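Residue numbers (the numbering used here), protein chains in the order written: chain A, 20 to 130; chain B, 53 to 167.
Just so you know, these hints were derived from the structure itself, not from any lab. Hints should not be assumed to be uniformly reliable.
Taking lysine to aspartate or glutamate pairs in the EDC-like style, the calculated list, with each CA pair at most 20 Å apart, reads [said to hold, decoys possible]:
id : chain 1 : residue 1 : chain 2 : residue 2
1  : A       : Lys61     : B       : Glu160
2  : A       : Lys61     : B       : Glu155
3  : A       : Lys117    : A       : Asp68
4  : A       : Lys56     : B       : Glu155
5  : A       : Lys56     : B       : Glu160
6  : A       : Lys117    : A       : Asp46
Bear in mind that the values here come from a model prediction, so they are computed numbers and not experimental data.
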Amino acid sequence: GENVEQHPSTLSVQEGDSAVIKCTYSDSASNYFPWYKQELGKGPQLIIDIRSNVGEKKDQRIAVTLNKTAKHFSLHITETQPEDSAVYFCAATDSWGKLQFGAGTQVVVTP
Amino acid sequence: EAQVTQNPRYLITVTGKKLTVTCSQNMNHEYMSWYRQDPGLGLRQIYYSMNVEVTDKGDVPEGYKVSRKEKRNFPLILESPSPNQTSLYFCASSPGLTLNTGELFFGEGSRLTVL
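Just chain A, same shape as in the assembly (with noise of 0.2 Å):
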């Protein structure tokens, strides 16, 4: 089945500069991958999704890149907020349509 890889585990980064988190998935013929954004207390929520036609999504100060040969895929935040402090998940569906999740990353914006 699908294995997802996902660094690192905690990221801290000064309000205002750039985050990037990565992941890498196994199954060659995943088509779709979401990432979720979990603030504290409550549950994971889609930010931003990309299918395996496309190289690169762009929402406002997040992005999504994905090199389908590397089988990597990562999020950028541009220019972040305190409000972006939460943990990411990664996740990609295998060749059954299951979607598997990263372990996370716990990103923490210091004012």
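Following the hints, complete the assembly by docking chain B onto the known chain A.
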């Protein structure tokens, strides 16, 4: 308001005492699922359901049961809880029948401690 509602949000229980965590969604979604979240392990799927009366095992189903008698409800049952089931549990629903066709909507979580 569209939402997934879980109860209880917090529960402390003892080994062997049966418990049920309820989950209800008001979005008329076909797909529902239960996940557990543990530090360093991310979100792991316990069970899922594609429709009423259709349920299937996820990655970590041992020690859990589910039922889907109505479209909106998907309770998680721990018949004989053990300490290794201490975790944060999330119920989720999706409009898609496979998870590459629709967003997952999560409840706010149920923190369970088994002593």
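Verification of the supplied hints:
1. Lys61(A) / Glu160(B): holds (5 Å)
2. Lys61(A) / Glu155(B): holds (17 Å)
3. Lys117(A) / Asp68(A): The hint holds at about 15 Å.
4. Lys56(A) / Glu155(B): holds (13 Å)
5. Lys56(A) / Glu160(B): holds (13 Å)
6. Lys117(A) / Asp46(A): holds (11 Å)
Checked against the numbered hints given earlier, this structure breaks none of them.
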